[in-house]
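Novice: With chain D's structure known, arrange chains G and Z on it following the hints.
The listed protein sequences correspond, in order, to chains D, G and Z. For the first sequence, our numbering gives the first residue as 1, with consecutive numbering after it. For the second sequence, our numbering gives the first residue as 310, with consecutive numbering after it. For the third sequence, our numbering gives the first residue as 637, with consecutive numbering after it.
Worth flagging that the hints you see were computed from the coordinates, not collected in a lab. Keep in mind that this is a model prediction, so the values were computed, not measured. Heads up, the beta-carbon is just placed ideally off N, CA and C, and yes, glycines get one too. Treat the hints with care, as some may be off.
To be verified - One side of the interface only, derived from the structure: several residues of chain D facing chain Z at Cβ under 10 Å: (1) 75; (2) 155; (3) 254; (4) 255; (5) 268; (6) 276.
What the hints assert, rightly or not - Derived SDA-like pairs: lysine to any residue, alpha-carbon spacing no greater than 20 Å straight-line: (7) 988/Z to 931/Z; (8) 776/Z to 469/G; (9) 156/D to 359/G; (10) 390/G to 852/Z; (11) 194/D to 338/G; (12) 843/Z to 853/Z; (13) 902/Z to 274/D; (14) 818/Z to 576/G; (15) 531/G to 34/D; (16) 903/Z to 461/G; (17) 818/Z to 465/G; (18) 902/Z to 31/D; (19) 776/Z to 902/Z; (20) 776/Z to 458/G; (21) 1030/Z to 949/Z; (22) 62/D to 461/G; (23) 531/G to 39/D; (24) 531/G to 31/D; (25) 156/D to 728/Z; (26) 917/Z to 931/Z; (27) 156/D to 366/G; (28) 156/D to 362/G.
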Amino acid sequence: MTNIGDLPADPIIERRALIQATARSSLARRNLVSRLMLGVCALAFVVAGAVLIWIVALLISKGFHWISKPFFTQDPQTPTVFQQNNLGGIRNAIWGSIVIDGIALLIAIPVGLIAGHLLAESENSFANAVRKTTEVMTGLPSILFGIFVYEFMIIKFHYRFSGILGSLALVMIMVPVIMKASEIAFRAVPHSLKEAGLSLGLSKGVIAARIVTPAAVPGLLTAVLLAMSRAVGETAPLIWVIGNNYVATWSPYKQQSAIPISIYNGLLGAASPLQQDYAWGSALFLVVVVLFLNLGSRFLAAFLRRERH
Amino acid sequence: MSTEPTTESAPPAVPEDRVPGRVKRPRARSDGLYWGILYGATLVFVVVCVAFLVTLVTSSFSAWRHSGLGLIFGTTWNPDKELYGALPLLVGTLETTIIALVLAVPLGILVAVALVHLVPRRLRTPLSSFVELLAAVPSVVFGGVGFLVLAPYFQQHFYPWLQSTTHSFYLFSGTFSTTSTLLAGIVLFVMVLPTIVALSRDAIATVPVEQVEGAMSLGATKWQILSRVVLPSSRTGITGAVTLAAARALGETIAVAMVIGNYFKINHSLLSGGTTLASALATQWDGATSLTISALGALAVILIAITASVNYLGRALLRRASQGALL
Amino acid sequence: MRLKIRFAVTAAAVVGTAALAVPAFAAGGDPYFATDTSSAPATIGGAGSTFAAPLEQSAITAYLARNGNATINAYQAVGSGAGETDVIKSSTTGINWGGTDVPLMASDIAKNCSSNCPALSAFVQVPIGLGGEGITYNVKGLKTGLKLNGTIIAEIYNGKITRWNNAAIKKLNPTFRLPSSKIIPVFRSDSSGTSYIFTDFLATSTKSSVGHGAWPYAATKSEISTYASTPSYGVGAAHNAGVASAVATTANSIGYVEYSYILLNKKLAGSVATILNRSGKYIGPSTAGIAADAAAKPGVSAASFSIVFEKGTKAYPIAGYTWAVVWKQQNATDTNTANNAVAATTGTLLVKYLDWLSHTGTSSRLGGQHFAAEDGYVALPANIQALATATLVKVVSSSNHKLL
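If we strip away everything but chain D, and leave its shape as in the complex, we get:
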């Protein structure tokens, strides 16, 4: 009969004891390092959040006192030496942005949604190529589209600077975004809905229009709001093609102004420092609009996702 004490020492048990001893001795150090690094992570997060808060606070402090009724209802006036406070408002830029962005939306929404629907419905090589193209287009700097519209419409066709050219440039930015997001929204529609339509003998067009699209509306709306928030803040593509305008007009065939452009010109140096200060008001207004659209799309997405369940 063997005694337990006579058995040779178990290397596994020894090794486990060794590991446990090492772990115990280094625990304090490891915990300290962990706490430190996690503290660094938390600090990083606070810094990132602080930057955003700082920018918004800056805009509010510099721009809030400019927001008033004349700001929205008057066109810009020129301050002269004897009337330095004669600044007017940004009505021309507001009307211009509404016209340019509105027309861009009218064109981009149908094209984007329909093309997105195609991407959701077919898997052939053409659709794959289009998908790749869309990805590439969303990554391109937006000024390139302004240059394209300039080269094509103004140089080739001798058209003049006008608001509608700005809309065309914005369409090229918005369509890929809407296409991608709507493809996801269409694909997310449960297959059972489509099959129910098929079983009723409906044609594909009716299924798409009467069943799939209404079901995908939340996602589509999010897509559109996202594209809008991106387009409203764009400056670069407009610089090349819309010219300039200091008198508010609703006509897209005339030269127009736009809010980001008026901020760009104002912040870089208008004739008087008061005008430069004034641009902060416009900047605050623009950021509020863009954040509203962006947050709106997120809330909508979250809210409608909840409602499904």
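Specialist: Positioned in the frame of chain D, the structure of chains G and Z alone reads:
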């Protein structure tokens, strides 16, 4: 019991469209219209994309004829003397992007880690959205804050401090004013940070929970789990995130144009002004002659090539990451 | 006795009316403007020189109050070079007159068109303003009135003088506390008539033996940014407004801006340099100084337009005229001949406006130059006003009808 088959009723032939396994519904007439509309809209998009590429490429021909390869490698950009050398622009683009990434990658990864592993789960989405709101701010606002608030402060306090602390190190030597390549890099850093945070957060959050639990069971501290398991596991996704952020930084136009000083010579100091491909497209257009517009078209083509390829690389990495590959 | 009373009453009436009229004039309004609706409705727009922008903007506001059928788009201050481009390419830009401080030259046209280029004789140049440029600086503790001469400024801009406490500056300003910090010269990064006048002054004032040829380059609209080593420490800014803003926000900087921008910016108005003129005096920018400089060279035309560094004890040496470039034949912008009638109407408004702009007018009908003084410009001398009309008379419609 007759073995002859009865002739009364042979089983009816099964029509083609009711063969089990092959369900075919009669093709509705409006199907053609349906596909027609779908393909029509998509074709419009495709045609416009092709026109986009073709127009920009052909618009640059006269500049290529005029300057040849000097367009890319020439060191002088002087539209009045009809000299179009884009090397200062390429150098500036590289410098600003590198500065932005050097600052944004560590901070972005740390913030992403914090969002996934430090923040209470319920708060993760709102706080992520909060950081991503930075991405929604228009670039003209970043440029304005950089130019009017940061630039004077930098000139009066930051650059002198930098020079005295580094004893006028090569990169921080020379005279300076308010706008500089460094300032542009810093503004870009703030602009690409949300991209890195959002995409890295996705990569970090999708690390298989078994790996994390395995590490926990071995007694690793939280930081050990993060640094030895989570981050290495998500490195493909993070690399993809960084690449996409680089693509964004390479193409940023307005904010850079407002803070970089638009100085068209190559200078070794980061405190001097500079220019990038994208910002030149915004600033050189005003009053440009026809040949200059053609040269700008050539710059646009170069920019398309660079951003499209970097973007493609980034997305490929993200796709591989989502498939579980590890670089 | 009755004579005396009548005299007294008449005198009181005259004084009374004058007293009523003075506040009206002082406020800048003209109680005698009648609204002119005789011409057909038309819209015109101009773009160009930022040197002329404040004058144009005030004048347009005043003209629109006078002419009920006129629509004049706000003047776009894009710089002289861009203004010339805009008017040459007016079929796409819709700009009817280009503002520039340097009359159009054949080389400017060649730069802006690749085929079917118009000749220089297809344009006319109308003088519309007379102004000056101030040299302003932003140095902590340095008050206004720093004495500078053309040589010092030239050497600041070509890099030979790098610090504020340089011996040459110290010699001229013994009572100023000059810091040892580096000077940051601010210059125009775009094609600028203001740069032309500035470099013209540098070249002219350093030509003499006193200047030792410190600025041996010709005057130029856009090459200031390439000379010597300026860009390695200088700051380029677009438009006069950009230069003003850059000087105001960049410590230890110095820059050249049109005089109105100094008047509009309190910070800049508090530190303006006095410049050595040809007669050996140090004069700061003012309407009197600019007028004295212009008076020394009365025979100005589009071919001979430079008036920098003229003789006169009160003359301010950095001054210049500003011009409007206009197509001699006002055609429709497309080939549709029906639009030629429209072109004739816009052309008529254009010449009427420019004619009004270049004249002082009478007390009952104030002209554009009346508003010049308010903004820091000098009213055009009488012979230049006549030159303006003589030039505008040459403008014709597509059927060669005189429009003025």
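Novice: Each hint needs a verdict: does it hold in this structure or not?
Specialist: Hints, verified against the model:
Checking residue 75/D against chain Z: minimum C-beta separation of about 8 Å stays under 10 Å; hint holds. This hint holds: residue 155/D has a C-beta 9 Å from the nearest C-beta of chain Z, less than the 10 Å allowed. The interface hint given for residue 254/D holds, since its Cβ lies 9 Å from the closest Cβ of chain Z, which is under the 10 Å cut-off. Given the 10 Å rule on beta carbons, the hint for residue 255/D holds: about 7 Å separates it from the nearest Cβ of chain Z.
Against a cut-off of 10 Å between C-beta atoms, the interface hint on residue 268/D holds, since the closest Cβ of chain Z lies about 6 Å away. Using the Cβ-Cβ criterion of 10 Å, the hint placing residue 276/D at the interface with chain Z is satisfied: the shortest such distance is roughly 6 Å. For the given pair, residue 988/Z sits about 27 Å from residue 931/Z by alpha-carbon distance, which is inconsistent with the 20 Å threshold. The straight-line distance between the Cα atoms of residue 776/Z and residue 469/G is roughly 16 Å, inside the 20 Å bound, and the hint therefore holds.
For the hint pairing residue 156/D with residue 359/G, the CA-to-CA distance comes to about 16 Å; that is within 20 Å, so the pair holds. For the given pair, residue 390/G sits about 18 Å from residue 852/Z by alpha-carbon distance, which is consistent with the 20 Å threshold. Distance check on the hinted pair: residue 194/D and residue 338/G sit about 18 Å apart at the alpha-carbon level, within 20 Å; holds. Proximity of residue 843/Z to residue 853/Z is assessed by CA-CA distance (about 10 Å); at most 20 Å being required, the pair is judged to hold.
Pair hint residue 902/Z plus residue 274/D holds up; C-alpha atoms about 11 Å apart against a cutoff of 20 Å. Our distance criterion of 20 Å between C-alpha atoms is met by residue 818/Z and residue 576/G, whose separation comes to about 18 Å. Taking the CA atoms of residue 531/G and residue 34/D, the gap is near 6 Å; set against the 20 Å cutoff, the hint holds. Simply put, residue 903/Z and residue 461/G have alpha-carbon atoms about 15 Å apart, close enough for the 20 Å limit, and the pair holds.
Distance hint between residue 818/Z and residue 465/G is fulfilled; the C-alpha atoms sit about 13 Å from each other, no more than 20 Å. As the CA atoms of residue 902/Z and residue 31/D are separated by approximately 60 Å, the hinted pair breaks the 20 Å bound. In summary, the hint linking residue 776/Z to residue 902/Z is supported, as the alpha carbons are separated by about 15 Å, within the 20 Å threshold. Straight-line distance between C-alpha atoms of residue 776/Z and residue 458/G comes to about 19 Å, which keeps the hinted pair within the 20 Å bound.
The suggested pairing of residue 1030/Z with residue 949/Z is violated, with an alpha-carbon distance near 38 Å, which exceeds 20 Å. Distance hint between residue 62/D and residue 461/G is fulfilled; the C-alpha atoms sit about 16 Å from each other, no more than 20 Å. The suggested pairing of residue 531/G with residue 39/D holds, with an alpha-carbon distance near 12 Å, which does not exceed 20 Å. In summary, the hint linking residue 531/G to residue 31/D is supported, as the alpha carbons are separated by about 8 Å, within the 20 Å threshold.
With a C-alpha separation of about 11 Å, the suggested pair residue 156/D and residue 728/Z falls inside the 20 Å cut-off, and the hint holds. Our distance criterion of 20 Å between C-alpha atoms is met by residue 917/Z and residue 931/Z, whose separation comes to about 17 Å. Of the pairs offered as hints, the one joining residue 156/D and residue 366/G holds, with about 14 Å between alpha carbons and a cut-off of 20 Å not exceeded. For the hint pairing residue 156/D with residue 362/G, the CA-to-CA distance comes to about 15 Å; that is within 20 Å, so the pair holds.
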